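Top to bottom, those sequences are chains A and B.
Numbering follows our numbering, in which position 211 of the first sequence is assigned residue number 211; successive positions increment by one, without gaps.
Numbering follows our numbering, in which position 14 of the second sequence is assigned residue number 14; successive positions increment by one, without gaps.
Bear in mind the hints are in silico, worked out from the structure with no lab data behind them.
Everything numeric in this text was worked out from a predicted model, so none of it was measured.
Treat the hints with caution; some may be incorrect.
Listed below are the simulated DSS-like cross-link pairs for lysine-lysine, each with C-alpha atoms no more than 30 Å apart in a straight line [as the list claims (entries may be wrong)]: (1) B:LYS124 - B:LYS136; (2) B:LYS124 - A:LYS304; (3) B:LYS124 - A:LYS57.
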Amino acid sequence: MGFLFPSLVIATEQTPNTQNQNSVNWLTNIQSQASWTPSVADIATNITGYTFVGYDKTKKANSNFMVGGFNPIFNMLYKDLILAEAEVEFELNEKGKTEVALEYATLDLFINDYMILMGGKFLSPLGQFVQSLHPAWINKLASNPVGFNNNQAAPQNDIGFELRGGFPICDTRLNYAAYIANGPEANIVNDLIDNIDSGGFNADEDRHKVGGGRIGFLPIPSLEIGVSAAFGRLGLFNTPDDTQSIETRRYSAFGSDLSYQWCDVNLRGEYIKQQVSRNALSTIPSNKWQAWYMQIAYRILSTKWESVLRYGNYKTLQAEQRKRQTALGINYWFASNVVAKGTYEFNHGQPNTRNNENRILLQLAYGF
Amino acid sequence: MKHRNRVKFLVPFLSFILIIFSINNAFSDAGNGAKLWADNCARCHNMRSPTEFNATQWKAIMAHMRARSGLTAVETENIYEFLINSPPATISKVQNENKKGDERLSGKTIYQQNCAACHGVDGKGAITGVFDLTGKNSALLKNSDAVLLKRIEEGFRSPGSTMAMPPKGGNSNLTHDELKAVLKYMKQTFSH
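Bound conformation, chain B alone:
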């Protein structure tokens, strides 16, 4: 009887283990790092700025956080790539100079891929500490395009906010023209 109970317990447990092993690499890239960063880190604690640690430190921290929060290896790698590429990277500048005009993304696509994770699809802010981009008091209306572009390009911490926006929203591959496109999209969409 005792042995039968053990078998009853072991069969579903071992089946679960086998399923987990069999699905290794079955899923493709689960999303971009910025979105995963916004979705997973804020569940337990405030978002930490990418500039707080260097690449080696983030590597060890992300392994620790993978164990804590049930991230997959691919998701962990995506967040890590986002964190270490948030500050302007020299190599990305070279890549950007070589980028052809037809590779340029639309403002809407750039916003959805790089900004919506924190600012929300509707521009009202998806996580704590991110200001509303809509309405009469929005930073989009109160500042000139030059100021806004500088903030997007170099990163910016709003007064009263505990977290800074990383330069280029964390995607150092974005060109100056692409940043202008995303700013144009935001102004057209959120500033009424």
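Here chain A stands alone, though its shape is the one from the complex:
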């Protein structure tokens, strides 16, 4: 208060006899300072986020209207020192019950011009889709690429610390992310490692950390090429609720990604692989999960209409999980942050499973 209105502080320190004169001075000072007001307070806050609703119909299955999600993102910045950011995900399950999840919640300390230290639960920096492209108003199709959902090939979240930043090098740019975290856990089903759960664990039951990162290179502003990797050990669990792992294994993840924007054409591609090593003393074999996709989107003659084509493939040892997909999309952009999407998926998986059935999706998404 004294910083903004110094004369106010002085006035309160005077005796009552001089109060009238001081009041006049105070008013004069206030009027003279009225032209100076801070445009931004020390704490700057806002809520952004996205929400989406839609309809889907899988061949040989019921059609459904659905609330896809309501995901507010909270940003609270103190000066240029620290940022608290969090995304909360509200979803309805099939029975209509509300499910709440903390997508991420971090404290970002701005160490210097080129480095940020993040601590907490963060989106996995491996690859590009999970950390940057998954919000419904950014994702150009109404579904995620195959293999990029939770418990599939692409790591989703982790809890630990991460260094992030970027800097120009002559006419090019480099950005980086390096992290150390509790790491994922692997679940056993029918004596096979069925999936890797990378939802972010607040306790490290297997007592082994995982470290990794990503480097992105931009030779020109519209082209980014990224490589990612992570290494460590993870525990194998008989059920997701177990607190004691039956054994630990070496874990690794590799990824590469590319994005290119040329006028009205947007091209993206990504490859990601997670792997759990074998143990000669164990009957449970090793396993790996790998997925990739290529996507091209074209804003038709620079209008509000956009066409999208994506091809993706997800592979693992379990035949029932494998899936190949060609997806076609047509979007109408009401505004740069409001889009109506129509997506048709041609799916190829194990016969007589849902993975093998084509699907149509309609979605309305709004990024706020």
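Since the structure of chain A is provided, determine the placement of chain B on it from the hints.
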């Protein structure tokens, strides 16, 4: 052996950290905010209009986007300045009235500094949703100078486009004469 492996991992990691710390403030201003805005935001998502949020909200959003997209502090500040100064600012009008004639910039310089980020150096559009200024159907040929100047001065959203051009291309310091100069440059260069 295990310790040696850890050292092997730590040496390059710590070296990298030291290099990053040592280059603090080593780079000068990386470019103007409008160009950085066009170059960096469109990589992942459509461009958001500067008028969607106020200065406080943009401050928090830009800190969030700095962490997401690997921007430097200077670049973040430049984009922020561009975003909050895009709508006409009273203070800039005062500055413009005090501007001397010899400080005036050429139409070409103004275009390159304020317009080329979105419209492209060749006028054909550098980002999604920006119309081609060249050719027979160009807005430059179809509209009078008065209409075009009004659009440049006040901002304009083309029919069919999802993003509006900010007033004065985002640079509220530009004077009326400078806007006339840039319009003249665009017509001479792109309308054949």
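These are the hints, each one checked on the structure:
1. Distance restraint check for LYS124 (chain B) and LYS136 (chain B): the Cα-Cα separation of roughly 13 Å lies within the 30 Å cut-off, and the hinted pair is therefore satisfied.
2. The straight-line distance between the Cα atoms of LYS124 (chain B) and LYS304 (chain A) is roughly 18 Å, inside the 30 Å bound, and the hint therefore holds.
3. In summary, the hint linking LYS124 (chain B) to LYS57 (chain A) is not supported, as the alpha carbons are separated by about 41 Å, beyond the 30 Å threshold.
When each numbered hint is compared with the structure, a violation occurs for hint 3 only.
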